[in-house]
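Participant: Each chain is listed here by its residues.
4 protein chains.
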Amino acid sequence: MNDILKIADKEFHSRLFTGTGKFSSSAVMKQALLASESELITVALKRVDVKDENDDILVHLNHPRINLLPNTSGVRNYKEAIFAAQLSREALETNWIKLEIHPDPKYLLPDPIETLKAAEELVKLGFVVMPYIHADPVLCKRLEEVGAQCVMPLGAPIGSNKGLKTQEFLEIIIDQSTVPVIVDAGIGAPSHAAYAMELGADAVLVNTAIAVSKNPVAMANAFKLAIEAGRMAYNAKLAPIKHHAEASSPLTSFLNA
Amino acid sequence: MNDILKIADKEFHSRLFTGTGKFSSSAVMKQALLASESELITVALKRVDVKDENDDILVHLNHPRINLLPNTSGVRNYKEAIFAAQLSREALETNWIKLEIHPDPKYLLPDPIETLKAAEELVKLGFVVMPYIHADPVLCKRLEEVGAQCVMPLGAPIGSNKGLKTQEFLEIIIDQSTVPVIVDAGIGAPSHAAYAMELGADAVLVNTAIAVSKNPVAMANAFKLAIEAGRMAYNAKLAPIKHHAEASSPLTSFLNA
Amino acid sequence: MNDILKIADKEFHSRLFTGTGKFSSSAVMKQALLASESELITVALKRVDVKDENDDILVHLNHPRINLLPNTSGVRNYKEAIFAAQLSREALETNWIKLEIHPDPKYLLPDPIETLKAAEELVKLGFVVMPYIHADPVLCKRLEEVGAQCVMPLGAPIGSNKGLKTQEFLEIIIDQSTVPVIVDAGIGAPSHAAYAMELGADAVLVNTAIAVSKNPVAMANAFKLAIEAGRMAYNAKLAPIKHHAEASSPLTSFLNA
Amino acid sequence: MNDILKIADKEFHSRLFTGTGKFSSSAVMKQALLASESELITVALKRVDVKDENDDILVHLNHPRINLLPNTSGVRNYKEAIFAAQLSREALETNWIKLEIHPDPKYLLPDPIETLKAAEELVKLGFVVMPYIHADPVLCKRLEEVGAQCVMPLGAPIGSNKGLKTQEFLEIIIDQSTVPVIVDAGIGAPSHAAYAMELGADAVLVNTAIAVSKNPVAMANAFKLAIEAGRMAYNAKLAPIKHHAEASSPLTSFLNA
Chain A
262 MNDILKIADK
272 EFHSRLFTGT
282 GKFSSSAVMK
292 QALLASESEL
302 ITVALKRVDV
312 KDENDDILVH
322 LNHPRINLLP
332 NTSGVRNYKE
342 AIFAAQLSRE
352 ALETNWIKLE
362 IHPDPKYLLP
372 DPIETLKAAE
382 ELVKLGFVVM
392 PYIHADPVLC
402 KRLEEVGAQC
412 VMPLGAPIGS
422 NKGLKTQEFL
432 EIIIDQSTVP
442 VIVDAGIGAP
452 SHAAYAMELG
462 ADAVLVNTAI
472 AVSKNPVAMA
482 NAFKLAIEAG
492 RMAYNAKLAP
502 IKHHAEASSP
512 LTSFLNA
Chain B
262 MNDILKIADK
272 EFHSRLFTGT
282 GKFSSSAVMK
292 QALLASESEL
302 ITVALKRVDV
312 KDENDDILVH
322 LNHPRINLLP
332 NTSGVRNYKE
342 AIFAAQLSRE
352 ALETNWIKLE
362 IHPDPKYLLP
372 DPIETLKAAE
382 ELVKLGFVVM
392 PYIHADPVLC
402 KRLEEVGAQC
412 VMPLGAPIGS
422 NKGLKTQEFL
432 EIIIDQSTVP
442 VIVDAGIGAP
452 SHAAYAMELG
462 ADAVLVNTAI
472 AVSKNPVAMA
482 NAFKLAIEAG
492 RMAYNAKLAP
502 IKHHAEASSP
512 LTSFLNA
Chain C
262 MNDILKIADK
272 EFHSRLFTGT
282 GKFSSSAVMK
292 QALLASESEL
302 ITVALKRVDV
312 KDENDDILVH
322 LNHPRINLLP
332 NTSGVRNYKE
342 AIFAAQLSRE
352 ALETNWIKLE
362 IHPDPKYLLP
372 DPIETLKAAE
382 ELVKLGFVVM
392 PYIHADPVLC
402 KRLEEVGAQC
412 VMPLGAPIGS
422 NKGLKTQEFL
432 EIIIDQSTVP
442 VIVDAGIGAP
452 SHAAYAMELG
462 ADAVLVNTAI
472 AVSKNPVAMA
482 NAFKLAIEAG
492 RMAYNAKLAP
502 IKHHAEASSP
512 LTSFLNA
Chain D
262 MNDILKIADK
272 EFHSRLFTGT
282 GKFSSSAVMK
292 QALLASESEL
302 ITVALKRVDV
312 KDENDDILVH
322 LNHPRINLLP
332 NTSGVRNYKE
342 AIFAAQLSRE
352 ALETNWIKLE
362 IHPDPKYLLP
372 DPIETLKAAE
382 ELVKLGFVVM
392 PYIHADPVLC
402 KRLEEVGAQC
412 VMPLGAPIGS
422 NKGLKTQEFL
432 EIIIDQSTVP
442 VIVDAGIGAP
452 SHAAYAMELG
462 ADAVLVNTAI
472 AVSKNPVAMA
482 NAFKLAIEAG
492 RMAYNAKLAP
502 IKHHAEASSP
512 LTSFLNA
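Chains as they are written, first to last, in my numbering: chain A, 262 to 518; chain B, 262 to 518; chain C, 262 to 518; chain D, 262 to 518.
It is worth saying that the hints were derived from the structure and are not from the lab.
Predicted model only: the values in this text are computed from it and were never measured.
Yeah, the Cβ is synthetic: ideal placement off N, Cα and C, and Gly gets one too.
One should not assume that every hint holds.
[Said to hold, decoys possible] EDC-like cross-link-like pairs, simulated, lysine to aspartate or glutamate; straight-line CA separation at most 16 angstroms: (1) B:Lys-367 <-> C:Glu-272; (2) D:Lys-423 <-> A:Glu-432; (3) B:Lys-367 <-> C:Asp-436; (4) C:Lys-503 <-> A:Glu-432; (5) C:Lys-423 <-> B:Glu-432; (6) B:Lys-340 <-> B:Glu-381; (7) D:Lys-503 <-> B:Glu-429; (8) D:Lys-367 <-> A:Asp-436; (9) B:Lys-503 <-> D:Glu-429; (10) C:Lys-503 <-> A:Glu-429; (11) D:Lys-423 <-> A:Glu-429; (12) A:Lys-423 <-> D:Glu-432; (13) A:Lys-367 <-> D:Asp-436.
[As the list claims (entries may be wrong)] Non-contacting residues of chain B with respect to chain C, defined by C-beta distances greater than 10 angstroms in every case (computed): (14) His-274; (15) Ser-275; (16) Ala-288; (17) Leu-329; (18) Ile-343; (19) Arg-350; (20) Glu-351; (21) Pro-366; (22) Leu-370; (23) Pro-373; (24) Leu-400; (25) Ile-433.
Please model the entire structure based on the sequences and the hints provided.
Facilitator: Following this line, the structure appears as structure tokens:
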């Protein structure tokens, strides 16, 4: 099937994006990420030693299929975000940036104002900007207008594993968006990921649910399959929801026939 | 992985059971059923001409991987169900029977009283009884006590595609059951099937959602993958749901570090 | 408003039925029950000393507005239920009986088979039978057919306070029933009770949610108001759910006008 | 009960705010608004003829209990909003303003960027600003920081009647807010309004659900009661949700006692 996702100038065969946080070891991380077949993997800039080419995380992510997506996690406003992105471009030699600005430490929800400002500026500076945001359809349109190459609305608070609590608004975002929609945060189970794809999301980002599973490699594989399943179902069109029952078999009575 | 499902004396590698209703043609049905890799396929006894070994449906289901599961759809009480089961055993040479007794034509919901009576009798007559029932945990225990080899609680009304509307009670049934629990009816999307497996169901039965899709073969494949994903996730254990956010990356501030 | 609920030969102005369990004292119970304005109050037969006319609970329930509804909680099968009902009729001088048969101590879910048998027998013996059951539409029809004067499907497991987890099936029951439908068990908040009434339930039974509140008298009042609100909304017809937004104000632009 | 809601310098006894759109006539509107006992009623500035003291809507809203809350519905950016607010202050002699900036005509969702800018400016200009916004907790904090006297997050798209689709985020907003939280938009049934109050919202705004009911006066009354019920329950504390059943009556078996 020729069902390629394109963001900026890159093509992706996998619609599962992953992250590098919370794994018990770099070795487990690497195995899980390979099992996921993910081609875009986010790494917190603050966690890598950009001056050290033998940095443990970077070494483990060195693989022909993997594209690095540095993220700005930890910054508190647009200025810090821009500074972090520039540092990242220089050190990691990529102009892709996952823009995360969430000042509050309890719920880690993104700041719409700072994110839009930073996105606008970063686009002008030549970045491919992937902004992590609340599932706010108007904000998504504005980000699109300033040149963000995709939008990454959240399903639920990061790490909560609650699934698509924003479903009502994700549907509107998907309906309106002219750039890819990637559901980020909150996806805690393969069924959530499949559901996002069935709704028409272009990709999902999953980190915690894989990293903290008892078996991260198996869980990565499970997400991979679920996302393929959800995408396949989206393309094949789901059956409509009915309010009355409908027999699978014709309703003529059995013994009177 | 050696994750076999056993019902009575049969072992199943696939946890997707399917049906034969509502397909646009027997050829499409066959392709979709093969794509599903299902090993147990239900067919309404009233739809086959049991005296004709060239019956169109039966011919299309003739495949080494496929076990036939005749169902009693159309019967209105336990007597008709027993009669139908006996007829089926003779004609199709299987003692497996999917017991469906749903007198009401609007919602097609199963009758708990007639189903229990029929199950008890059929077990005594040597049948492997797979009863389709409401997601009633007490009824499930009683069916288990009279010897039903599995229970098949519904997720939502047949053909409604609404998903696991009975989730609260499916969880209790799964918690209590000593026989396999197969979620039957209502599953309308691969995400629903994955969710059933994540809850710990042993298998699911899907028919309408595959048959009425615009692309039944792709949809069958999507269900296959989703069920594998859900089962894998169940075995690997899902991450717990959290009420506060949890960063994937450590929470030290970025630029102060 | 002349919106009377009739069960058997009795008329009720209040659609809130209550219970007597779990209150911190009989005095608090009495105050809360009066605040609820409930006219039908269930009491576990096993908790009253039927030989003692000064039994504490009975004394506290002695009020012109209150009708007692003895329940069979604690019985395990239809024979015990019939025996209990007869004992109750003799001692408490009422032929009304709330039929509860739930053998399993963990989830306290009702047994459909024993309940139907007991209901049929009790109706013949002249009882007004109010059966507590799973939200099983077929069972409800069968109870109606044997002469039960109402049906009492559960919203969620007793004492769970989870609300209308069986909503999908309650709607079918309400659609089909020719006897009053009283939602019993699981209602944990006034909003749940209002919702049940909005769906068209004839009454609700609430016990735990009132009894274990920090302020049972205020909570009883809250349920009373919510049920009136829900009933009023049902009669006034709710606005339909829309999939696009609709402005409350006309959509002509403001400053161009 | 001394449970007063204070916004800026005004005290409210009713926690139901209403609107004036979509009623079939001004007479019906007036009756319904009086039945609601609402003390704060929003009116689209674009719908009133501010130069005509005999304007039909304004005449019907002239009542000692009613405070007018002009809204900026129809404006597309912060400049238009400020202009509209100033016009409104002059004509209607109130410095209260409901700030609504929703450029998109299909879903009418509010613009976070323009709303924050307008709120900041309007506060400086001496307005009591009540901003209608997405249920975005970070945006709510920022509005609070610039001096908005309350926040008005949406439950679902305006006029959709879908209820509290943003519940997950409303809970966070309520947890964090130091100004009153008023749930605006999407509330389609009294049970939704009760639920908002049970979660701890300070008030709700309801318009469509009352105006388009078959009986707006009865529906207004139903909302009034439901909101009182929900608030009362919030103050009395709801019983916790349990995962196992809990009998209302002690679990000693009946006949063995």
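Participant: Each hint needs a verdict: does it hold in this structure or not?
Facilitator: Right, here's what the structure says about each hint:
1. Restraint check for B:Lys-367 and C:Glu-272: not satisfied, since their Cα atoms lie roughly 32 angstroms apart, outside the 16 angstroms limit.
2. Distance hint between D:Lys-423 and A:Glu-432 is fulfilled; the C-alpha atoms sit about 14 angstroms from each other, no more than 16 angstroms.
3. With a C-alpha separation of about 11 angstroms, the suggested pairing of B:Lys-367 with C:Asp-436 holds against the 16 angstroms cut-off.
4. The suggested pairing of C:Lys-503 with A:Glu-432 holds, with an alpha-carbon distance near 14 angstroms, which does not exceed 16 angstroms.
5. Note on C:Lys-423 and B:Glu-432: the hinted pairing holds, with a Cα-Cα distance of about 14 angstroms set against a maximum of 16 angstroms.
6. The straight-line distance between the Cα atoms of B:Lys-340 and B:Glu-381 is roughly 12 angstroms, inside the 16 angstroms bound, and the hint therefore holds.
7. A distance of roughly 12 angstroms separates the Cα atoms of D:Lys-503 and B:Glu-429; the hinted pair therefore holds under the 16 angstroms criterion.
8. Straight-line distance between C-alpha atoms of D:Lys-367 and A:Asp-436 comes to about 11 angstroms, which keeps the hinted pair within the 16 angstroms bound.
9. Restraint check for B:Lys-503 and D:Glu-429: satisfied, since their Cα atoms lie roughly 12 angstroms apart, inside the 16 angstroms limit.
10. For the hint linking C:Lys-503 to A:Glu-429, the alpha-carbon distance of about 12 angstroms falls within 16 angstroms, and the restraint holds.
11. Restraint check: the Cα-Cα separation between D:Lys-423 and A:Glu-429 comes to about 10 angstroms, which is no more than 16 angstroms; the hinted pair holds.
12. The hinted pair formed by A:Lys-423 and D:Glu-432 meets the criterion: a straight-line CA distance of about 14 angstroms does not exceed 16 angstroms.
13. A threshold of 16 angstroms between alpha carbons decides the hint, and for A:Lys-367 with D:Asp-436 the separation of about 11 angstroms falls inside it, so the pair holds.
14. At roughly 33 angstroms, the least C-beta separation between B:His-274 and chain C is larger than 10 angstroms, which holds for a residue marked as non-interface.
15. No Cβ of chain C approaches the Cβ of B:Ser-275 within 10 angstroms, the least distance being about 29 angstroms, so the stated non-interface status holds.
16. At roughly 35 angstroms from the closest C-beta of chain C, the C-beta of B:Ala-288 stays outside 10 angstroms, upholding its exclusion from the interface.
17. Once the 10 angstroms rule is applied to beta carbons, B:Leu-329 is consistent with being away from chain C; the minimum gap is 27 angstroms.
18. Once the 10 angstroms rule is applied to beta carbons, B:Ile-343 is consistent with being away from chain C; the minimum gap is 18 angstroms.
19. Non-interface call for B:Arg-350 relative to chain C: holds, since the shortest CB-CB distance, roughly 26 angstroms, exceeds 10 angstroms.
20. The Cβ of B:Glu-351 lies farther than 10 angstroms from every Cβ of chain C, with a closest approach of about 29 angstroms, so its non-interface assignment holds.
21. Under the 10 angstroms C-beta cut-off, the non-interface status given to B:Pro-366 relative to chain C holds; the minimum distance is some 12 angstroms.
22. With a minimum CB-CB distance of about 5 angstroms to chain C, B:Leu-370 fails to clear the 10 angstroms threshold, and the non-interface call is violated.
23. Remark: the non-interface label on B:Pro-373 conflicts with the geometry, its nearest Cβ contact in chain C lying 5 angstroms away (cut-off 10 angstroms).
24. Some Cβ of chain C comes within 10 angstroms of the Cβ of B:Leu-400; the nearest lies about 6 angstroms off, and the non-interface call is violated.
25. Taking the minimum C-beta to C-beta distance to chain C, about 6 angstroms, the non-interface status of B:Ile-433 is violated against the 10 angstroms cut.
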